[in-house]
Amino acid sequence: MKTSAFTLLLLFLAAGCLPTDTLPTPNVGNDERDYYIECYCVPGEPFRLTATRSLPLDETLTPDLDLPLDATIVAGDTINLRFDIFPGSGRLPYNYGSHRTMRTDVDSIFLRVSTPDRREITARDIVPAPVAIDSVRRDNNLVTIRFRVSGNPSSNYYIYILQPLRGNETLDAVSTLLDYSASVPRSVVERSLSLPEEATGARVILRGVSRACYSYQISLNEANSAQQGSIISPAPLAGNIEGANGIFTCYTEDERVVE
Amino acid sequence: MFSHVAYREERIVLTGDDGPFTVVLRDRDNRLEEVIVTGIATGGNARVASSQIDRVPAILGERDVLKYLATLPGVITTNPFNSGIYVRGGNSHENGYFVRGMPIADPDHLTGILSTFDPYILGNVTLYKSGFPARYNGFLSSYLDMRPETGGGEGREGEVTLGLLSSSAKAKGRVWGGRAAYGVSARVSSLQPVASVYNRKSEDNTNMMPDYAFQDFTLAADVRLSPRWRASLFGLITFDDLEMDAGVNSRYHFRWNTLSGNALATRSGSGGGTWTLQVGARSAFSEGGTSGSVPMGGGNRYWAQMARVAYSQVLARGASLQVGVRGEHDRFQTANREDALGNLLFKSSDKSFALAEAYADATTRLTESLELQAGVSLQAYRGETRATVASPRIKITWGGEKVAAWVDYAKTAQFLGLYPYFTVKTPVDIWYPLGKGDKPATCRQISAGASLQVSEHLGIQVGVFHKNMQNVKDFTRKPATSYDAAGERQIQGKGEAKGMEINLSYHQGGLHARGNYTLSTSTRTFAAINDGRPFFPPYDVKHHVVLNLFATLAPRLSFTALWSYSSGVRATLPTGIVIARNLADSDQTPVIIPLYKERYNYQLPANHRLDVGIDRVFSRGPFTIRVTVGAYNLYNHPNPSFIYLQPEEADGVYQKLVPRSKILLPFIPHLSIRVNR
Numbered sequence: 287m288k289t290s291a292f293t294l295l296l297l298f299l300a301a302g303c304l305p306t307d308t309l310p311t312p313n314v315g316n317d318e319r320d321y322y323i324e325c326y327c328v329p330g331e332p333f334r335l336t337a338t339r340s341l342p343l344d345e346t347l348t349p350d351l352d353l354p355l356d357a358t359i360v361a362g363d364t365i366n367l368r369f370d371i372f373p374g375s376g377r378l379p380y381n382y383g384s385h386r387t388m389r390t391d392v393d394s395i396f397l398r399v400s401t402p403d404r405r406e407i408t409a410r411d412i413v414p415a416p417v418a419i420d421s422v423r424r425d426n427n428l429v430t431i432r433f434r435v436s437g438n439p440s441s442n443y444y445i446y447i448l449q450p451l452r453g454n455e456t457l458d459a460v461s462t463l464l465d466y467s468a469s470v471p472r473s474v475v476e477r478s479l480s481l482p483e484e485a486t487g488a489r490v491i492l493r494g495v496s497r498a499c500y501s502y503q504i505s506l507n508e509a510n511s512a513q514q515g516s517i518i519s520p521a522p523l524a525g526n527i528e529g530a531n532g533i534f535t536c537y538t539e540d541e542r543v544v545e
Numbered sequence: 009m010f011s012h013v014a015y016r017e018e019r020i021v022l023t024g025d026d027g028p029f030t031v032v033l034r035d036r037d038n039r040l041e042e043v044i045v046t047g048i049a050t051g052g053n054a055r056v057a058s059s060q061i062d063r064v065p066a067i068l069g070e071r072d073v074l075k076y077l078a079t080l081p082g083v084i085t086t087n088p089f090n091s092g093i094y095v096r097g098g099n100s101h102e103n104g105y106f107v108r109g110m111p112i113a114d115p116d117h118l119t120g121i122l123s124t125f126d127p128y129i130l131g132n133v134t135l136y137k138s139g140f141p142a143r144y145n146g147f148l149s150s151y152l153d154m155r156p157e158t159g160g161g162e163g164r165e166g167e168v169t170l171g172l173l174s175s176s177a178k179a180k181g182r183v184w185g186g187r188a189a190y191g192v193s194a195r196v197s198s199l200q201p202v203a204s205v206y207n208r209k210s211e212d213n214t215n216m217m218p219d220y221a222f223q224d225f226t227l228a229a230d231v232r233l234s235p236r237w238r239a240s241l242f243g244l245i246t247f248d249d250l251e252m253d254a255g256v257n258s259r260y261h262f263r264w265n266t267l268s269g270n271a272l273a274t275r276s277g278s279g280g281g282t283w284t285l286q287v288g289a290r291s292a293f294s295e296g297g298t299s300g301s302v303p304m305g306g307g308n309r310y311w312a313q314m315a316r317v318a319y320s321q322v323l324a325r326g327a328s329l330q331v332g333v334r335g336e337h338d339r340f341q342t343a344n345r346e347d348a349l350g351n352l353l354f355k356s357s358d359k360s361f362a363l364a365e366a367y368a369d370a371t372t373r374l375t376e377s378l379e380l381q382a383g384v385s386l387q388a389y390r391g392e393t394r395a396t397v398a399s400p401r402i403k404i405t406w407g408g409e410k411v412a413a414w415v416d417y418a419k420t421a422q423f424l425g426l427y428p429y430f431t432v433k434t435p436v437d438i439w440y441p442l443g444k445g446d447k448p449a450t451c452r453q454i455s456a457g458a459s460l461q462v463s464e465h466l467g468i469q470v471g472v473f474h475k476n477m478q479n480v481k482d483f484t485r486k487p488a489t490s491y492d493a494a495g496e497r498q499i500q501g502k503g504e505a506k507g508m509e510i511n512l513s514y515h516q517g518g519l520h521a522r523g524n525y526t527l528s529t530s531t532r533t534f535a536a537i538n539d540g541r542p543f544f545p546p547y548d549v550k551h552h553v554v555l556n557l558f559a560t561l562a563p564r565l566s567f568t569a570l571w572s573y574s575s576g577v578r579a580t581l582p583t584g585i586v587i588a589r590n591l592a593d594s595d596q597t598p599v600i601i602p603l604y605k606e607r608y609n610y611q612l613p614a615n616h617r618l619d620v621g622i623d624r625v626f627s628r629g630p631f632t633i634r635v636t637v638g639a640y641n642l643y644n645h646p647n648p649s650f651i652y653l654q655p656e657e658a659d660g661v662y663q664k665l666v667p668r669s670k671i672l673l674p675f676i677p678h679l680s681i682r683v684n685r
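In order, the protein sequence lines correspond to chains A and B.
Counting in our numbering, the first sequence runs from 287 upward without gaps.
Counting in our numbering, the second sequence runs from 9 upward without gaps.
Keep in mind that the hints were calculated from the coordinates and are not lab data.
Glycine included, each C-beta is placed from N, C-alpha and C at the ideal position.
Do not take every clue at face value.
[Unchecked claim] Quick list of in silico lysine to aspartate or glutamate cross-link-like pairs, EDC-like style, CA-CA up to 20 angstroms:
| no. | chain 1 | residue 1 | chain 2 | residue 2 |
| --- | --- | --- | --- | --- |
| 1 | B | K605 | A | E528 |
| 2 | B | K664 | A | E528 |
| 3 | B | K444 | B | D338 |
| 4 | B | K605 | A | D320 |
| 5 | B | K605 | A | D344 |
[What the hints assert, rightly or not] Every beta carbon over 10 angstroms from chain A, so not counted as near; a handful from chain B, in silico:
| no. | residue |
| --- | --- |
| 6 | G181 |
| 7 | T375 |
| 8 | L380 |
| 9 | Y573 |
Hey, can you work out the whole structure from these sequences and the hints?
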């Protein structure tokens, strides 16, 4: 039902190339610059973290990565993160990282950050169970994955991503967030997404996420929708970090390619 | 000479030897062109007849009761998206909609352009803004009581309309030897053909123009069972369906419907007393599902059964007494809904309450010109929590020949909150009763006013009001992850509204003009919103001006115009921006994410527009054809319907976010045709 907001919005966006008008720049929130921390740990991968401060509405959309902090992650071992620039996706690099990789035998992770203004920022989350796609089936444009949910219902949250391909070209990905917390533990489930007509194949990615991460992804989605129209009730970001906005979590992943 | 008011005078000269004789009296043609009865308004309420609704331009060709009410002082609508009205700084779900004194479901078709109340039958309305009689309680802000209009004269009449938004067939008449009168109306939307044409042009096989359809059916009947017994029936059923295919993985389907009905029997005694027995029911249902990036589905259902017994007695010297008891049982469910794989997508909530109410109203004349009305409503609520509320009412009215003045006090109580999916009221919003430990919302309103008939044609009314609200309800925001029902997020706070209204009306011959101005301010305070600071809710409109002109240019030609102005309402803008990675994307592409730490921190520009319409009536045999040509927002003012933030780009790189507004209803010409027989 929540997404009816998006429907309504689309209704009127589409309903006829509605005229638009520029409004005066608001004078809101310019004196508040919250810490924003984002860290997605992946078992077997090196640690990466981004720490920035929120940007006022009237400033250039470039995050300030020059933010020296003391950042430590405990994931079986204690990892002191190094303040440096580490390549990331798009134009958003990470500004903290370590060459050490995350152990695969831990079930929870912790973060502690000390800021120059003596604020303590902490977070913790579970490590989701490893995910494995049992099978991928393509019927015309419908791509169906089949996988077994974990034995722990409270962590049975997933993201199914379908990355369409046309030859060597990558098309816009589609995804769906899945809540199987009410499903029978260890049961086998199926989920389908459709490929666009022009796709010749696809990368199929399944990510196992924690409940905190699932909530956060939905809140990102809602915040993004609210930005598109003020009739949509804005919701705060549902992060799991004490003392800052953002997310500190872990995900597991499996990937297939379907022709 | 033989004369009678209804017959022509007959003169017969008697010659002296006339025996018994017969005098045939011939009908006198007593029909008048128009009779205008004027009275001095005694404030706090507004009585509306369907002829008045005809005097404002029909929005997109649709006559609508609520849209007319929004041209009265103290009543506003905020946005074409919004299906509600706001009265004297109250929220839209704080208005009670009644038919013959019994609550009915809220009037929600999609957006606020057209309500479910067809003025063909429900064009006779009394809106109470203050000084409420004790029989009205259960809503904080206002009461809108409609008296269905059934067939009045001899024979039958019918009407067929063809409009931009809807088409309809309607009829009224008398049967059973004139002892029973009925009115029926059926309306269907005309939007589907527009959507199908638009979507046929879509290159990617999506139907970005939603396939929206609605129907509503209204039935009313009055029956005179005997000289003492009368019965009335009313029923209103609405259906709405909204479907959209926004892409291969983004399909949406929503539907909602309402059902309202009541039956009333009255028995008039020989001593001026009348017994009233009434039973009724109302129900609202909505459900929806989407297969978008966050697959969700859910629904909610609400239904109530109600009964009322009342006795009214006219006493000597203009005094009267009305007492009654009411009972209702309400149930609210948010549905368990599963997806194709049996996954629970929406946690259920099942709540109910019973409400018993006793009320008494007494009116007496203290002097020739001074009238006192006093009443009290006692309510006992039994649900997850228990509450008892006493709501006293008092109104003193002084009436002279050309001047009237009044002052009133009324306490009202409300036991329901409405969880809004959006920042405006929509049909899929969910009603929630009081939760554990919640207290009923109450409003204490003091209102005063005066009315002056300056001349035969010109009248002025002024009024002031102050409302103090306690335990009003709102909801905290958090992502819709389906872990809980929204009722668990209901919060309580305070509210205050105050303002003044002035209304001028001028009627002479075929010219009817009126103008009104409302100055008001409304604030709400919740500990969990904006750090407990008072805020202006998105229905706080400081200045509201309406100018309305209706002129009969020729016997079958009329012109109407309406100009309205209202201050901009508050919207919510983020207080900051962060750049986040999107884990739902294969490459975790960065996305711009707004941070919302407070609500209603940005005031939109003022709204104003001019609507005009020309009505021409033709006669073709037994048919009367009324053609209405009009224009909405004639000078095409860019009234913002909502705002959004658009990233400003330079050299392919986002620079900053710029607030922009979308204008849902620019200049729109329209045509509608009504055929009467």
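Results of checking the hints against the structure:
1. Distance hint between B:K605 and A:E528 is fulfilled; the C-alpha atoms sit about 16 angstroms from each other, no more than 20 angstroms.
2. Using a Cα cut-off of 20 angstroms, the hinted pair B:K664 and A:E528 is violated, with the two alpha carbons roughly 28 angstroms apart.
3. With a C-alpha separation of about 16 angstroms, the suggested pairing of B:K444 with B:D338 holds against the 20 angstroms cut-off.
4. Simply put, B:K605 and A:D320 have alpha-carbon atoms about 11 angstroms apart, close enough for the 20 angstroms limit, and the pair holds.
5. For a cut-off of 20 angstroms, the pair hint linking B:K605 to A:D344 stands: about 17 angstroms separates their Cα positions.
6. Residue placement check: B:G181 keeps its beta carbon more than 10 angstroms from all beta carbons of chain A (closest about 39 angstroms).
7. Listed as a non-interface residue, B:T375 keeps its Cβ farther than 10 angstroms from every Cβ of chain A; the least gap is roughly 53 angstroms.
8. For B:L380, the condition that its CB be more than 10 angstroms from all CB atoms of chain A holds, with the nearest at approximately 46 angstroms.
9. At roughly 17 angstroms from the closest C-beta of chain A, the C-beta of B:Y573 stays outside 10 angstroms, upholding its exclusion from the interface.
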